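Participant: Chains as they are written, first to last, in the numbering used here: chain A, 1 to 258; chain B, 259 to 648.
I should point out that these hints are in silico values taken from the structure, not numbers from a laboratory.
Among these hints, one or two may not hold up.
[Stated by the list, open to error] Negatives, chain A to chain B, calculated, CB over 10 Å:
id	residue
1	Ala51
2	Asn204
3	Thr235
[Stated by the list, open to error] DSS-like mimics (lysine-lysine), calculated; alpha carbons at most 25 Å apart, straight line:
id	chain 1	residue 1	chain 2	residue 2
4	A	Lys196	A	Lys80
5	A	Lys49	A	Lys198
6	B	Lys574	B	Lys558
7	B	Lys261	A	Lys13
8	A	Lys49	A	Lys196
9	B	Lys532	A	Lys230
10	A	Lys2	A	Lys202
11	A	Lys229	B	Lys537
12	A	Lys183	A	Lys80
13	A	Lys18	A	Lys229
14	A	Lys80	A	Lys202
15	A	Lys18	B	Lys574
16	A	Lys229	A	Lys250
17	A	Lys2	A	Lys229
18	A	Lys2	A	Lys198
19	A	Lys18	B	Lys465
20	A	Lys80	A	Lys2
21	B	Lys261	B	Lys558
22	B	Lys261	A	Lys230
23	B	Lys261	B	Lys532
24	A	Lys229	B	Lys532
25	B	Lys261	A	Lys183
26	B	Lys640	B	Lys558
27	B	Lys574	B	Lys532
[To be verified] Now the stretches of chain B that chain A is said to cover, found in silico as 3 or more residues with beta-carbon under 8 Å:
id	stretch
28	311 to 322
29	521 to 533
Treat the numbers as computed from the prediction; the structure is a model and nothing was measured.
Cβ atoms here follow ideal geometry from the backbone N, Cα and C, with glycine treated the same way.
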Amino acid sequence: MKLLVCLKQVPAKDAPLKLNSAGSWIVEDVSYEVSEPDAYALEEALRQKEAHGGEVTVITVGPQRAAQVLREALAKGADKAIHVEGDGTQLLDSFATAEAITRAIPGQHFDLILTGLQSDDSGAAQVGVILAELMGIPHATIIMQIEPVPGGVRVKRELEGGAFQYLEMPTPAVLTIQSGINKLRYATLMGIKQAKSKPLSKINAETDGISVELNRLVIERLYVPGAQKKTERITGTAKDAAARIASVLKAQGIGAGE
Amino acid sequence: MLKFRDVDFLQVGSLLSPDELLVRDSTRQWAEQNLTPIIETCAREGRFPLELVPEMGRMSFFGATLRDFGCAGMSNVEYGLVMQELERVDSGIRSFVSVQSALVMFPISTFGSEEQKQRWLPPLSTGEVIGCFGLTESDFGSNPGGMRTTARHVGDEVVLNGEKMWITSGSISQLAVIWAKDEEGSIRGYLVETDRPGFRAEDVHGKYSLRASVTSGLVLQDVRIPAGNELPEARGLRSALQCLSQARYGIGWGVLGAAMQCYDTALQYAGFRKQFGDKPIAAHQLVQQKLVWMITEISKAQLLALHVGRLKDQGKADFSHISMLKRNNVAIALETARLARDILGANGIADEYPVFRHMANLESVNTYEGTHDIHTLIIGEKITGLGAFY
């Protein structure tokens with residue numbers, strides 16, 4: 001089975017984010033890591049390869065620093081990596097990112113293309129779905145299990161309210177993977193050593209016609225949400241304070257209907 | 259437990275290659291997920307987490323700078339970063355990996371026969387075999403050349419007699435690298451399987467330091483080993499000291515981890531601890547002075563470690579460079595731990611925070627692998643040409 005895994009580099013989960021002066025993006029002085037749902041997609045791809053044979057290619061769209069998620073994936077056991085690289089590619093929206101991936105793999109056949117369910121930063125959950133549409137192949141989202149069957153795969157989807165859906169679908173297909181479905185492996189020192197000799201090809205985003213011009217989503221403004229919590233200090237006599245508390249609770253709908 | 263934030267004031271990280279960063283981050287992730295959750299309990303109970311050894315083997319932590327026999331062939335800088343991340347959690351865990359790598363696998367790889375390498379290095383690299391290093395004796399610490407342990411050749415066997423002390427991993431080892439004086443009084447290295455009759459290891463109890471690591475005394479009473487267990491290329495005390503140089507290098511990096519952890523804990527604590535009104539103690543001049551001393555010394559120590567690592571990778575590191583690295587970095591780590599304990603006030607003595615454990619651990623690290631004073635004398639002899647040991 002030939003698998004392609006799409007990885008996104010995002011600010012580390014506990015990174016202290018600051019906005020730039022224009023309020024249009026964050027200040028990029030933070031540490032980065034692979035988006036966690038994508039890490040699960042990679043882990044699932046590696047497990048599929050180990051169980052059924054095949055090859056795992058990883059791809060990312062991002063600036064130079066994003067190559068680190070590819071190196072880590074190669075160290076964990078991916079076979080090849082493709083980096084669609086360019087300054088400002090971190091500003092691409094889901095559509096432009098899917099377009100960049102499509103243009104980077106012309107004529108290459110993959111049985112399965114895996115992405116994380118959504119990214120840890122923008123959380124749009126769109127790249128996988130749009131990618132399938134652009135490539136004209138089926139997709140399924142929130143996948144928890146993949147089992148190859150003749151002509152395709154049988155997958156388990158997570159639905160709401162603790163329900164699951166099992167379905168069979170033909171390949172090639174795009175699957176977006178749910179977080180937490182397996183145990184992530186570490187990049188071992190030996191793996192890091194071996195990754196040095198694995199192919200990591202770079203594609204210049206600009207040459208491929210990829211830029212923010214393709215974006216269909218415009219960020220109007222980024223801002224830090226204001227504090228929502230309001231504290232009211234109730235003073236006065238016990239009788240007045242009790243009346244005030246009762247009216248606050250009533251206003252909130254607490255204790256109503258008695 | 260506060261979440262560790264990277265400590266890199268001078269952007270020393272920008273001097274690291276992508277692969278070096280990957281080694282650091284991957285080890286950090288492993289240590290935070292596997293060691294951090296259990297380390298306080300291990301230290302409290304005086305227990306080494308033996309269950310993690312196979313996992314450490316899978317991470318290729320053992321003998322990481324060696325190139326064959328299943329080892330990862332890391333550079334010295336990469337190896338240093340592994341030590342830093344392990345010791346950021348606990349010096350005892352780093353000590354275990356140091357001993358396995360620098361004091362057991364390194365001598366076998368450097369002084370061993372092809373047959374010895376084939377037999378021992380693969381299982382040592384996976385952790386199936388644990389090793390220890392027997393040089394120090396109770397009466398011979400800084401002066402190992404005075405050792406009393408003897409090796410006598412009898413037919414095609416060697417008979418070992420003596421006692422070794424302060425041996426990390428002694429009682430959990432299957433293999434001991436024992437240094438002993440032969441008939442000519444020359445110090446030689448011997449591979450001793452610990453299940454041989456006459457070999458006994460007894461743990462040191464009552465330690466206030468390195469509690470998550472095993473420390474033992476070894477007794478060798480007429481232990482017979484085949485002559486083929488002698489390390490053929492190990493000649494004199496020099497060979498043993500070569501191993502120590504390797505281990506000291508790792509310590510110079512490792513203690514940086516402990517210092518970074520203590521500093522970051524103190525910095526975070528000083529940010530939320532309020533006294534005298536609504537001001538955090540970090541706003542007080544005396545607290546800032548301590549924090550500034552810590553970050554300045556840590557930054558200098560990071561550069562020292564990286565530079566000596568680069569020299570070592572180019573084959574240019576002298577043992578006296580490594581002495582400076584070990585001496586300086588342990589000293590500033592220990593002082594950082596003490597200052598962090600001070601900033602944490604009463605909270606600094608409880609194991610809710612890691613600083614007291616680090617502080618107690620670093621007292622051992624200050625002494626082992628050449629005390630602070632002995633490294634002063636090594637550097638002193640190097641620059642003056644005059645030995646001042648006795």
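Participant: Of the numbered hints stated earlier in the document, which are not met by this structure?
Facilitator: As far as the earlier hints go, 15, 17, 19, 22, 27 and 29 are violated by this structure, in ascending order.
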